[in-house]
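For the protein sequence lines, the chains are A and B, in the order given.
One rule links them: number in the working numbering = place in the first sequence (from 1) + 4.
One rule links them: number in the working numbering = place in the second sequence (from 1) + 25.
None of these hints come from the bench; they were simulated from the model.
Computed from a predicted model, the values in this text were never measured in an experiment.
Ideal Cβ positions, reconstructed from N, Cα and C, are used throughout, including at glycine.
Fair warning: there could be bad hints in the mix.
To be verified - Lysine-lysine pairs mimicking DSBU-like chemistry, simulated, CA-CA at most 35 Å apart:
| id | chain 1 | residue 1 | chain 2 | residue 2 |
| --- | --- | --- | --- | --- |
| 1 | B | Lys187 | A | Lys230 |
| 2 | B | Lys473 | A | Lys230 |
| 3 | A | Lys12 | B | Lys238 |
| 4 | B | Lys473 | B | Lys34 |
| 5 | B | Lys34 | A | Lys230 |
Stated by the list, open to error - Derived coverage of chain B by chain A (criterion: at least 3 residues anywhere in the stretch with Cβ under 8 Å from a Cβ of chain A; other residues may be distant):
| id | segment |
| --- | --- |
| 6 | 308–316 |
| 7 | 435–448 |
| 8 | 465–472 |
Stated by the list, open to error - Just the calculated beta-carbon pair ranges, DEER-fashion:
| id | chain 1 | residue 1 | chain 2 | residue 2 | range |
| --- | --- | --- | --- | --- | --- |
| 9 | A | Glu279 | B | Trp151 | 47 to 57 Å |
| 10 | A | Leu10 | B | Leu129 | 41 to 51 Å |
| 11 | A | Arg122 | B | Gly358 | 42 to 52 Å |
| 12 | B | Ala388 | A | Ala15 | 20 to 30 Å |
| 13 | A | Thr37 | B | Val250 | 21 to 31 Å |
| 14 | A | Pro9 | B | Glu384 | 53 to 63 Å |
| 15 | B | Lys418 | A | Gly59 | 53 to 63 Å |
| 16 | A | Ser46 | B | Glu323 | 28 to 38 Å |
| 17 | A | Ala420 | B | Ala467 | 20 to 30 Å |
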Amino acid sequence: MLAVPLDKLRAIVGPAGVLSGVELSPFVVEGRTPEAAVFPGSLDEVRAVVELAAGAEIPIVAWGGGTAAAVGTPIAPARPGIVLGLGRLNRLVEHEPGDLTATAEAGTTVAALQTALRARGQWLSLDPPEPDRATLGGVMAANASGPRRHLYGTARDLVIGMTIVTADGAVVRAGGKVVKNVAGYDLPKLFVGSYGTLGIVVDVTVKLRPVPDQERLVGVRFERLKDAAAAARAVTASDLIPNALELLDAEAARALEATSTAAPTLVVGFDGLGEQVDWQCAELATLLGPVGAVGVQPLSAETWVRLAHAAPAAFGGAPAALMRLSVLPAQVGEVMDQAAVAARARGLACACSAHAGVGVVIAALFSDHESQELTRVVATLADWRGIARGSGGHAVLESAPLAVKSQVPAWDDAGAAGRIMQRIKAQLDPRNLLNPGRFVAGI
Amino acid sequence: MATLTAARKYALQQDLEAILGRGGVLADPDELIVYESDGLTLFRALADFVVFPTSAEHVSAVVKLANREALPFVARGAGTGLSGGCLPAEGGIVISLMRMNRVLEVDYDNQLAVVEPGLVNLHLSWAVGPRGYYYAPDPSSQQACTIGGNIANNSGGPHTLKYGVTTNHVLGLEVVMPDGEIVWLGGRTRDTLGYDLAGVFVGSEGTFGIATKVVVRILKKPPAVKTLLAVFDAVPQASRAVSEIFARGLVPAAVEMIDQLTIQAVEDAFGCGYPRDAAAALLVELDGLRVGIETQAEQIAQACRDAGAREVRMARDEAERALLWKGRKSAFGAYGRVSPAYMVMDGVIPRTKLPYVLERVNAIVEAHGLRVGNVFHAGDGNLHPNILYDPRKPGEEARVVEAGAQIMKLCAEVGGSISGEHGIGLEKADFMPFIFSAADLALMQRLKNAFNPSGLCNPGKVFPTKKSCVEVGPVAYRPHPIEEKGLAQRF
Chain A
5 MLAVPLDKLR AIVGPAGVLS GVELSPFVVE GRTPEAAVFP GSLDEVRAVV ELAAGAEIPI
65 VAWGGGTAAA VGTPIAPARP GIVLGLGRLN RLVEHEPGDL TATAEAGTTV AALQTALRAR
125 GQWLSLDPPE PDRATLGGVM AANASGPRRH LYGTARDLVI GMTIVTADGA VVRAGGKVVK
185 NVAGYDLPKL FVGSYGTLGI VVDVTVKLRP VPDQERLVGV RFERLKDAAA AARAVTASDL
245 IPNALELLDA EAARALEATS TAAPTLVVGF DGLGEQVDWQ CAELATLLGP VGAVGVQPLS
305 AETWVRLAHA APAAFGGAPA ALMRLSVLPA QVGEVMDQAA VAARARGLAC ACSAHAGVGV
365 VIAALFSDHE SQELTRVVAT LADWRGIARG SGGHAVLESA PLAVKSQVPA WDDAGAAGRI
425 MQRIKAQLDP RNLLNPGRFV AGI
Chain B
26 MATLTAARKY ALQQDLEAIL GRGGVLADPD ELIVYESDGL TLFRALADFV VFPTSAEHVS
86 AVVKLANREA LPFVARGAGT GLSGGCLPAE GGIVISLMRM NRVLEVDYDN QLAVVEPGLV
146 NLHLSWAVGP RGYYYAPDPS SQQACTIGGN IANNSGGPHT LKYGVTTNHV LGLEVVMPDG
206 EIVWLGGRTR DTLGYDLAGV FVGSEGTFGI ATKVVVRILK KPPAVKTLLA VFDAVPQASR
266 AVSEIFARGL VPAAVEMIDQ LTIQAVEDAF GCGYPRDAAA ALLVELDGLR VGIETQAEQI
326 AQACRDAGAR EVRMARDEAE RALLWKGRKS AFGAYGRVSP AYMVMDGVIP RTKLPYVLER
386 VNAIVEAHGL RVGNVFHAGD GNLHPNILYD PRKPGEEARV VEAGAQIMKL CAEVGGSISG
446 EHGIGLEKAD FMPFIFSAAD LALMQRLKNA FNPSGLCNPG KVFPTKKSCV EVGPVAYRPH
506 PIEEKGLAQR F
């Protein structure tokens, strides 16, 4: 096995752009240390690094902010390969407010992008967790989203173009720069959620929206989760147009507000003209009073970012495992209830929050003594996956210690579609060098 | 058909009838001719068979037979496509999905419906309308076009400005793969596992397989709708009004522009109340909450007036609104009043380039001695210049094709695209290099190989012929490869 040619990498990106040895500690994932971390400063440098690595059969792991680096199958490939960091590629390339579009380099953090866009009255209507670390390219690769997806959708609905460096070092422009485009295949869709397995995303062009006049978040407390879930369905069926609809069980709600008497809570966001936000808040109270709401309270703007961590932060310490269940929206309450029952039956604590309108449940499992309770954690996660499947969906184990991940697959079974995915991977990355082994269907 | 011997054709007909029954197979050239073109009549190609399956199993069996016989096959919906995408470019079997037209299930709690691909777009909105729901993508042909065809082309429509195109409304599909295997891509949940296969399937123009069931989102009808007509004495004023609306942070559901020639044609044909002397009109629709909609409508009216609108009318009731929309949606038919034929162009540009591009489009068409009517989705920069011509006049059609190529080139030059909703099909395959490099196309080809390695599923579409890859500049009229093979003719 050839050593990674550090000198050649340095020749491409400059000496400061290559990290090795102890400098690699921030890039250690599940005990695996990369052979080097390389930070190109331009599209051409990305291309040259990929070409070099491909020629030497060195695996490449694209790295943005590292927020999703631990997601995936913990398979140790033949060699750890190099981390290709996009952090230096962090420029806002183009923002034309009249076109409601912007192009930014992949390493731009979501927070920096939003700040620049907001200065001109616009925003990217995507609110993934950890916006200060998460990068635009990483958000695309991991298909990350947040509460506002209820109204504004996810990356697939907002991306219109990308520049990709393929596994063989070719530069490909996927999509375009206009908001409507059906010329050729919809390649950007292929890279959203592909976790760096098909190509390196170098820049991204997105659709924007004007910043709304006002935005407000309201928490509605219920005595029973069942009632809160019914309330979520009532909101969905009403004339209200919320931009977020989050259902939190009592445990997750505790992390949200510093109150001692936690209760199942429906968190609803509204935006628009002042009169629209006012009317909707009033209408919400009217609508939910008869279905068991015990209190409606405005929530602070900081609550938005706390929502992403409500379930894992419920008990202070880190959870033993975090699972994301994709289910039918109307079954969210039932799924959360079943998940809690399954955890309790094994003597474990859990907390769940959900994007109730779109059917995504984030379930955190907690244990006091990790090693002794491994069997119970593994059994509960298997139960949870069964619950998701029973609701017509699937579950992804987003984070857990290696001991758990070695017994519970990170990804669900993709079935026959998995074979098509494998064929796509074989076509685009025939030598299997891009983030090998981490993805669905063994990809 | 010349490609098959009579004996082989007879044997194949027996095989197909064994799968579909005698009523499910057309083989007589007199009947096949009905299916020789789509909405773009420039291209024609005759199939060996047209078949009418009623189930995924039927489709799968036909596809497996086609594979066994190495015969090309192509799915067809209502045939309203405008790029020749559903033509049997290399002969073979046309698989019509028109008998698979049921709404299989509506799940109001989860705001989704499961439908068959031959369902007419508007019929879905009719089916769910009584409960206050609708299907958002609304191509102008929605009274005839099918959901399956919409998927192939990733169709749009006026209201896709706010609500997105077909791909934003498809959750999953049951697909007969090009080798005959029946597979689900995506499903009923919003987040799917692994690569977004449904996302790449939508808009693949029938080259990745044949959808046999589709899970689509249905939306609640907005509580309030407000429709305005802004009238301008000059086209640049109307273009500026579009920019003004967006610059003020307003997000209408639709912003449509209609120019003078089109207004006059529409008024002659239908009398929808558009002022005949206007240089251009903008049809703007807002929807959403009842609260605040008056405020927003007034802001839009003001933006139009600030850009120079001489008049802004507000539809007072549903009847007035319907009449204004009738004018817009019937524009294509109305051109029959002013010209024996026309060719619809479909290109996209950044919104801010609208004033420049419209001026250039008019200049290009004029330079070819032709007239153009513009009626299009101004809000998302999706142009539809309609070049009017007389096919009986020698040389005129060739000039239309040439002007069209120059308009596509123009869209590419300003950073736009050569299709916003009609697709590439046969029509624009050779224009692909205007906006895509060889590397871009190579990646698309690899993706196609993953779905359709044999190439039997809808061959000859989307990708440029090898010759044009090295061509620079507008492609003038020349015989299409299928014409050279004697499989099709222009008229």
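Comparing the hints with the structure gives:
1. Lys187(B) with Lys230(A): Status holds; Cα separation ~34 Å.
2. Lys473(B) with Lys230(A): Roughly 47 Å separates the two Cα atoms, so the pair is violated.
3. Lys12(A) with Lys238(B): Violated. Lys12(A) to Lys238(B) sits at ~52 Å, over the 35 Å cutoff.
4. Lys473(B) with Lys34(B): Holds - the C-alpha atoms of Lys34(B) and Lys473(B) are around 29 Å apart, at most 35 Å.
5. Lys34(B) with Lys230(A): Violated, at about 63 Å.
6. 308–316: holds (count 4)
7. 435–448: holds (count 9)
8. 465–472: It holds: at least three residues are needed, and the segment 465–472 of chain B offers 7 whose Cβ sits within less than 8 Å of chain A.
9. Glu279(A) with Trp151(B): 47 to 57 Å: 34 Å Cβ-Cβ, so the 47 to 57 Å window is violated.
10. Leu10(A) with Leu129(B): 41 to 51 Å: Roughly 59 Å apart at Cβ, these two residues miss the hinted range, so it is violated.
11. Arg122(A) with Gly358(B): 42 to 52 Å: holds, 45 Å
12. Ala388(B) with Ala15(A): 20 to 30 Å: For Ala15(A) against Ala388(B), whose Cβ atoms are near 51 Å apart, the range 20 to 30 Å is violated.
13. Thr37(A) with Val250(B): 21 to 31 Å: violated, 59 Å
14. Pro9(A) with Glu384(B): 53 to 63 Å: Given about 55 Å between the Cβ atoms, the range holds.
15. Lys418(B) with Gly59(A): 53 to 63 Å: Given a distance of about 59 Å, which is inside 53 to 63 Å, the answer is holds.
16. Ser46(A) with Glu323(B): 28 to 38 Å: Given a distance of about 48 Å, which is not inside 28 to 38 Å, the answer is violated.
17. Ala420(A) with Ala467(B): 20 to 30 Å: Between Ala420(A) and Ala467(B), where Cβ atoms are some 27 Å apart, the hint holds.
Against the hints set out earlier in the document, violations occur for numbers 2, 3, 5, 9, 10, 12, 13 and 16.
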